Structure formats: C-alpha cells, structure tokens
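Chemist: As a plain string of letters, each chain reads:
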Amino acid sequence: MLIQLARGKVYDPTHGVDGEVRDIYIRDGRIVSAPEPGAPVDQIYNLDGKIVMAGAIDLHTHIGGGKVNIARAMLPEDHRDKRHPRTALTRSGSGHAAPSTWSTGYRYVEMGYTACFEPAIVPVNARQAHLEMGDTPIVDHGGYAMLGNDDFLLRLIQEGRDQRLINDYVAWILHATQCIGIKVVNPGGISAFKFNQRSLDLDEPHAHYGVTPRQVVQALARAVYELGVPHPLHVHASNLGVPGNVETTLATIASAEGLPLHLTHVQFHSYGTEGDRKFSSAAGRIAEAVNAHPNVTVDVGQIMFGQTVTCSGDTMAQHRNSGHAHPKKWMAMDIECEAGCGVVPFRYRDKNFVNALQWAIGLEIFLLVKDPWRVFLTTDHPNGAPFTSYPHLIRLLMDRSFRRDMLATLHPDAVAMSAVGAIEREYSLYEIAIMTRAAPARILGLSDRGHLGPGAAADIVVYTEHPDRERMFAAPDYVFKDGALVAQGGRIVQVTRGRVHMVRPAFDRGIEKELESYFDRYQTLGMERFKIGDEEIRELSGEPVVHPCAGRASA
Amino acid sequence: MSSTGVLDPVACPFCGLLCDDLRIAVDEDRLTVAAHGCPISVGAFAGLPPQEAAPRIAGRAASLEEAAVAAAHLLKGARQPLFAGLGTDVAGMRRVLELADRCGAVLDHMNAESLLRNVRTLQEAGLMSTSLSEVKNRADLVLIVGGDVASRYPRFFERVVWNEDALFRPEGAWPEVVYLGEAADPSPGTSPDGRPPWVVPCPRGKLIEVIGALRCLVAGRPLDAREAGGVPMEKLEALADRLRRARYGVAVWSATDLDFPHAELTVQSLCDLVKELNRETRFCGLPLAGSDADFTANEVHVWQTGVALRSSLAAGYPEYDPYHYAAARLLARGEADALVWISSLSDRPPPETDVPTVVLGGAGLLPPREPEVFIPVGRPGVDHAAHLFRADKAVVMRLGPLRASVLPSVAQALSAILDAYCA
Ligand code: SF4
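Line by line, the protein sequences are chains A and B. Per my numbering, the first sequence runs over residues 1 to 555. Per my numbering, the second sequence runs over residues 1 to 423.
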C-alpha cells in the first residue's frame, strides 16, 4: 500500500529541509522515494499549508521502572484528579504527574511523540522498566542503564584495573539489560550516601573506595566512547539542586577532556550563590561553556508551575530535599549495592523566589545555547513537570511576548535577577524540529528515526499552523507510527506496539568469569538470571532493534 | 525438557525471597528439592497438584474453549464482576487487567489486607527502604519487628543475614539481631558463632507505643514515662542507643504478622523511626511480602491503572478505595454478582459464596462448592516460565519452567476467556 502525504510544508533538518512544500510517500511503514509518474497511489492526504515533521523523540523521560511505579502508588490524589476512561480502542488509566503506562503512551502520541527513552534504569531492575515500557503503547522505547554507583565498577576503578576491563563490564551491562545507553547519576554519590556521606563534590573521595566522581565520569565516558556507543555518557552531575553547583557542572564538563558527554536536566545544575538569598542564575556561564565545548550536549529539565513528583536515582539529593516534599511524604531506597531511587512529590510555585528563578534559568539555557543540535527539550518528566506541558514549553521558546507575559506573573525578585526578559531569541519551527526530532535521533544513533528521508521509519506528524504554538503542538492533525495512522486531531485512532531500541557493543566475554563469582558471593541472584534474553524482551516489551556500535581505539 | 534428572540452579516461587539456588530432582511429573530447600519449598514442590485435570463446567469435564465460553458468558451477564485472589505472575496479571478493564470489574488480591499496611504507609508518609543484597553486604544491625519472619521467609537469615561473604563487613563481624515484638522462635537469630539475639518482647498491639517511645528517644525529645508497651525505660534507652549507633541498620517486618486493627499505623510509626535515625546514621526498612505473588499483582496493577490494589474499573476508569473494594465486603453485601477467583501459586480456595464463580487454580484446589466454571492452571515458574517480583520489589525474576506441562497458564486461560468475551 502506497500512501501519499501531498504538499505539506516539510521541516526535516537532517536533510536541511526548512519549510519546503513537498510530497512524502509511505510504503510498508517506511518513507520511500516518489514513485514513477502515473504509478498508483492507494491513499492521499491533502496537506496544503500544513506542517510536516518527523515523530518527536523524548530522550529523557521517566516512564518505566521501580521509582515511577512507587510514585504512582504513593499518589492516589494524582490519580483521583485525573482519570482516563477506556474507549472501544484504548485502555483506561489515570494520573497527571505519574500517569499509568497506557495513558503515558496515548498522551505522548496525541502530541506527536513516537519514541521515548527512560534515562535511569537500575540494571537489576531493568526487567521491570522493560515491562512498564512494554505496556506503554505505540511509542518506541529504550533505556539507559545506570552505572557509577555500583560496587563492581567502583572497585574496578579503586583497584586501578585496565580501562579495557571497564569497557567489557559496561558492554556486558548493556547486553544484559538490553539498553541503548549508559547513565551516571551523582557519580559515586548514591553509593557514598549508603556509607552515610551526605555530599560528594567532583574531586572529593568516596569514604569507602577513595574514588572521586571525576574518576567515575572519566572511566565511563571513555568506556562509552571506546565501545562506540552512539549516545554519549548521559550524566546527572554531582550536587543536583545545590546553590553554587555551577562550579561542579563546569568542572564536570572540563573533566570529559573532549570526550562526548551529555549533561541532563542541566537546569538543576546551573545555580549560583549571588544575591540576598544566596541563590542565583548561572545559566549564562553554563550556556557559554556548552557553546565552547562541541563535545557537550545538554537537555534542560525545564520546570513548570504546579504539582508534580520527583523520581530520581539520586538518593543523596532526594533525601536532602525531602523536607520540601509536597504533600509531605517521600521515599528513598538503596538497591542491591548497585544504585538507589528516591521519590519526592513537589509543587513548584510561581510566587516562590527559588521556583520562579528555576523556571527562568531553564529558559535562559534554552535561549543562550546557540546550537539547537546540542540542547534538547525536556522537563525531566515528571521531575520538572509532566511531559504534557511540552506544547506550553514550545510556545515559551517560540513566542517572546508570551514569555514576557508569563514572566510578569512571577516572583518579582526572581524576575529582577534573571536575564530571560531581555532575550529576544525566538525558536523557529526548523529549530524546534531539530531539538525535538533530528538531534535526539542523531545523538541516540537512531539512523532511521527523526527524519523524513527515504528509508526512514514512517513516524510522521502533521500540524495545522497556528500562531498559538501551544495549541498547534498539543493536538496534531495526524500522527503516523511506522506508517500507521495512530492519532488524528489529538485522539488515538489505532493502537500499536512500539519497538525496543538497544545497542550491543562487542566485548570480551572473559569478564563473565569474574562477574559470575561476584554474583555468587555477594548478590542474591545468579549472573545468568540477571541477564534479559531476546525472547524475554520480545514478550515483555517489544521487538528488539539493535543499533550498530563502531568501536574506537583508546582516546 | 528432560523428564528425569537434576535442575540446578532453580528459582523458587513459593515466597517473596525467590531464592534462586535450589537444586530440584525431576522424575517425570514429580519434583523434589534436592538441595537448598526450606520447609515451605520442600512441601510445595513435593505437593504439586496433579497435571491431568481437565476444566469443568458445573462439575462436568469440558475443553478449555468450552470453559472459556462459559466463563465469558457468565461475565457478560454480570453487572458487577469481581476479580479476586489474583495469585498469578506478570503475564497473568497483564491479562487479568485487560479482561477486567473490558468488563468493568473490581480487583482485589487475597493478601491485600497485609499488602495495604505497607501501601498505606507509602501513601501517608513514605519510607526509606533497602533490598536484599544491600542487607546481605552492609547491615550491622537487623531489627526484626512483630513476629519471627523466619516462619514465612524460612531462608531469610541464611541467605541475607548470616553470610560469610559480605562486601562491607569485616570478616567474622556478624550483624547484631534484635527481635522486637512476639517472636515464638527467635533461634534463627543466633549468629554462626553462637551469639543469641537480643529479644525485646512486647505484645504486637503495643508495638506502636514502643516504637513511639523509641522515636522520642532517638530524636532526643523528653519522654516522661517509666515504660512503654510494657518495656521498661532502661531497656528502651539501651535499644534506642543501639539503633543510633548502627552504621547500617535494617528494620525487617512481615505485614502479614502485624495482624491487628490499624496495624498500618504501627508500620507508619516504624517508618518514621527509620527516617528519624537517618538524620544521623543510615537505617532502612525492609517490608517482606510477596507470597502468592501479592507484590507482582500490585506492581502490574499500579503501572497499568495508576493506582494500587484495591480498585474498581466499573466506572470506566480506575478508582482506588482500599475499604470499599474489599472482596469479602462486596461478597458479604451482595454487591458483586460474578466472581473470578485466581490462585495459581497455591491452592488457596475462593471464599464461600453463592455468587456465580469462575476458578482458575491449581488442579488440587478444593473449592467450598463446585464452581460454575473451573479451569485448572499450571504453577508459575514450575509448569511454565513466569516473572515474579521479589519481596524487596527491586528485582523481577524470571523462573521456570521445570517440567513439561499440559496445563495452561493463567494468562493462556484468560486469553481464551477474553477471546470468547470479545467474540
Ligand atoms: S525461603 Fe521462600 S523462596 Fe526460599 S526456598 Fe523457601 S519458600 Fe522458596
């Protein structure tokens, strides 16, 4: 069956297409070249004047795994207030900040998102993450395995073992957990918290291993680079949320020594200590550093005002912030000498100085980082805000007068301390297409997603242009997933199952000898049982798609 | 799958510990624990129900398809179906929710009462918790609260507390064990070098007083009392001091043992004590559960609906109400007119009721009366591969199969019912 999307205004930054009127053809779920003139077309969509983009990709959204499920169970109020009735086609669900899996998939797709990546998979909990994502319909998914607080790695570093061994271990984890990338959260700090350390700066030694966060970042960044994993090491830096943490963040950028690094929810890591309240925006310095380091990419983790829930692997930070829990309840968990998780509900208030400044800091980063290929649109769902606020965020980026109107409603001292009101920049549709489609696909190594060239998967979104960009991006006219029309006018019309994206870099299986005895001695499950098999991933989560890794010689 | 021989290592589905080091001798259908068993697993493997059973409709043998059609018919005619028991694995629970969403059912697990003691604590205050391997490698103090833990989780001490190998404990430095509450047999708490546990007895119903006093003492708040819950103040002070000095303490409880009115408040108070201790040191809670896959059912329920068990899908969307949607209450008040009872991990029978009933259970399950439809199903992790959540919720384990089986899984039986329901 050949489908023609006729005469849409196409934004396809991968191919440099900026609003040209073009036809796009779909056959068997893929985008194909224009057929010979006169060839029969089975179905035509007339898209005169409509905007066409690839399906959007969220590279950092907490949608699966233990912590998200704890957040759901913890907040019946979040689910009582937001109910999603079943339809003939869709399953029922509930939740705003921590929606049920079915609801998560539907809401993402209704907004034109066709792939989502869970950024914090505790390796031993990877099955649960894949199970939850497997019940998140339509969207493709995948995850980053968290390392850097696991005893096994910290000891390899402590003992000064060869980088090749570290690479083997990292590769083994990617295979065993069926993940697409590696994340480090508060390098060494989650482990340090288990030894009752309450903070750990980049060059501070861990109380037990003597290893510093800098060593952890360097070992992992190098492993990811040398294994040829397309996605750079995904870094949740030390000192999240601490005033003055800009110094740590800048030092973390420098610590990569030119290796690719992705800094996540960088808004939470861009704080200075100026002013009466000893809390200020350091977004300008962060943006400058990003502009000066082509090896660095960031996603923002924008906050929005209202109720949400923070879910993080960073138990050290979550415990520190637990006093701000709203409503007053929170949890934290130590997990298997490997990682941890913490869940703290939170309400961001526009009349609160700190929250208002956080909002402004996020926007400053978006607007001051020059290259849209290196800054990604996230709210760190649900930490900064639920993902459903993306259309609003897009409007803030595209419409400076709207941005100023919003700014005027905030805590005046925060407004006075922020540069955001003075920034003229407005994102173009082309730039939005870069930061939400082309760039995330490129940085994840998804060569057939995020663009509209022949051979790409037919994940395509069609919008009616509207000056209110929030309205425009909230409910696209059509969303195609692998060529199937799945949403129309912001409603689900067909439910499919997404695929699971992963990488499997080559490595020396010899490491399993050491791992097996480690599991036998210290863990409470065997090594073989830890690994997730292919048949299993199919049953739990969806068809695996393995992306190539081109191993590199030592940096 | 060979019909005779030895399987090693095998993961055991019969309590929330999911020990994965068992050796099982296989002789055709018969499975015997050859090593690393415990009273529960040895009995459970030896007593596996027969596999030959056929589905029944009103007592008469039928095919799976016929039984599925009869079950679907029964559900279609019901105004308020109730899905209870819910002793099933992840795949089974996924199908339970699909069918329940279609027919607007109420959902309740057979262990919901104890499950909710922990869930409600999470919803009221939260907790700081830990997982089995953390305890194994880190704990220097293990505080057992309520009962003895070992009668429900027999290998807890062997696998989690008394380890020769521990990453962060000096060799030979065994953790200290304290029992607080009513421990009929505290002997598993005796360390390998013969040191007996410290037993602080108190009636379970009085635990909340003791824990409240400990909270005051740990926080350094004045407490004008000579005893709490029958425990003299000197002993409480010594205990508070010991808790505070732990480098990594762990409070362990089985909510099933805390079986008295408003026990969730005791759990909550305990969790608050743990949080208080974390101002100075590290301390965590470890609620043990997971029997009859209660955690498994709840986790799948939570991610698919957004809320914990007990819930209703009758309005077309999930509604959570741990009081209103209790199966026993609905049946007693005649508010349910069809019951689907699922018990595949043990042969727990459905409650006595006249409500038309579909049973999906082990072939050895003896219902109080012949149900309208009975579909014998295999044991998860024994007769078919299964995913189950471990007691600490950190780990989802893949188990089995251990023998060839003719019995369908709960997921397969429910798929057949779903097909018939939608036909
Ligand atoms: S302790 Fe539990 S999991 Fe371990 S063998 Fe006994 S019944 Fe099975």
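Hints may contain errors.
[What the hints assert, rightly or not] Straight-line distance between alpha carbons at most 20 Å, and here's what the computed DMTMM-like set of lysine to aspartate or glutamate pairs gives:
id, chain 1, residue 1, chain 2, residue 2
1, A, Lys513, A, Asp162
2, B, Lys235, B, Glu182
3, A, Lys370, A, Asp413
4, B, Lys76, B, Asp272
5, A, Lys351, A, Glu424
6, B, Lys76, B, Glu98
7, A, Lys531, B, Asp21
8, A, Lys50, A, Glu470
9, A, Lys82, B, Asp27
10, A, Lys50, A, Glu20
11, A, Lys328, B, Asp165
12, A, Lys328, B, Asp21
13, A, Lys513, B, Asp165
14, A, Lys513, B, Glu264
15, A, Lys328, B, Asp224
16, A, Lys328, B, Asp354
17, A, Lys329, B, Glu276
18, A, Lys329, B, Asp165
19, A, Lys531, B, Glu124
20, A, Lys329, B, Glu98
21, B, Lys206, B, Asp224
22, A, Lys513, B, Asp21
23, A, Lys329, B, Glu264
24, B, Lys206, B, Asp165
[To be verified] Cβ pair distances, simulated, as ranges:
id, chain 1, residue 1, chain 2, residue 2, range
25, A, Pro205, B, Thr281, 14 to 24 Å
26, B, Thr4, A, Arg509, 27 to 37 Å
27, A, Arg161, B, Arg195, 45 to 55 Å
28, A, Asn196, B, Glu234, 20 to 30 Å
29, B, Thr281, A, Asp203, 22 to 32 Å
30, A, Asn352, B, Gly194, 57 to 67 Å
Hints listed in this document are in silico derivations from the structure and should not be mistaken for laboratory results. Given the structure is predicted, the values throughout are model-derived calculations rather than measurements. Just so you know, even glycine gets a beta-carbon here, dropped at the ideal spot from N, CA and C.
Chemist: Hint by hint, say whether it matches the structure.
Modeler: How the hints compare with the structure:
1. A:Lys513 with A:Asp162: holds (16 Å)
2. B:Lys235 with B:Glu182: holds (16 Å)
3. A:Lys370 with A:Asp413: violated (27 Å)
4. B:Lys76 with B:Asp272: violated (47 Å)
5. A:Lys351 with A:Glu424: Status violated; Cα separation ~24 Å.
6. B:Lys76 with B:Glu98: Holds. Lysine 76 (chain B) to glutamate 98 (chain B) sits at ~15 Å (cutoff 20 Å).
7. A:Lys531 with B:Asp21: Within the cut-off at roughly 16 Å; holds.
8. A:Lys50 with A:Glu470: holds (16 Å)
9. A:Lys82 with B:Asp27: Measuring from Cα to Cα gives roughly 54 Å; hence the hint is violated.
10. A:Lys50 with A:Glu20: Answer holds: lysine 50 (chain A) to glutamate 20 (chain A) is near 11 Å, not above 20 Å.
11. A:Lys328 with B:Asp165: violated (39 Å)
12. A:Lys328 with B:Asp21: violated (41 Å)
13. A:Lys513 with B:Asp165: Since the Cα atoms of lysine 513 (chain A) and aspartate 165 (chain B) sit roughly 18 Å apart, the hinted pair holds (cutoff 20 Å).
14. A:Lys513 with B:Glu264: Not satisfied, since the Cα-Cα distance of roughly 45 Å exceeds 20 Å.
15. A:Lys328 with B:Asp224: violated (28 Å)
16. A:Lys328 with B:Asp354: Judged against 20 Å, a Cα distance of about 44 Å means the pair is violated.
17. A:Lys329 with B:Glu276: Given that 20 Å is the threshold and the Cα spacing comes to 14 Å, the pair holds.
18. A:Lys329 with B:Asp165: violated (36 Å)
19. A:Lys531 with B:Glu124: Status violated; Cα separation ~36 Å.
20. A:Lys329 with B:Glu98: violated (31 Å)
21. B:Lys206 with B:Asp224: holds (18 Å)
22. A:Lys513 with B:Asp21: Roughly 18 Å separates the two Cα atoms, so the pair holds.
23. A:Lys329 with B:Glu264: Holds, because 15 Å separates the two Cα atoms, which is no more than 20 Å.
24. B:Lys206 with B:Asp165: Violated, at roughly 37 Å.
25. A:Pro205 with B:Thr281: 14 to 24 Å: At roughly 20 Å between Cβ atoms, threonine 281 (chain B) and proline 205 (chain A) fall inside 14 to 24 Å, so the hint holds.
26. B:Thr4 with A:Arg509: 27 to 37 Å: 32 Å Cβ-Cβ, so the 27 to 37 Å window holds.
27. A:Arg161 with B:Arg195: 45 to 55 Å: violated (37 Å)
28. A:Asn196 with B:Glu234: 20 to 30 Å: Holds - the Cβ-Cβ distance for asparagine 196 (chain A) and glutamate 234 (chain B), about 28 Å, lies within 20 to 30 Å.
29. B:Thr281 with A:Asp203: 22 to 32 Å: Hint holds: Cβ distance 26 Å, inside 22 to 32 Å.
30. A:Asn352 with B:Gly194: 57 to 67 Å: Taking Cβ atoms as reference, asparagine 352 (chain A) and glycine 194 (chain B) lie about 58 Å apart, which means the hint holds.
The earlier numbered hints that this structure contradicts are 3, 4, 5, 9, 11, 12, 14, 15, 16, 18, 19, 20, 24 and 27.
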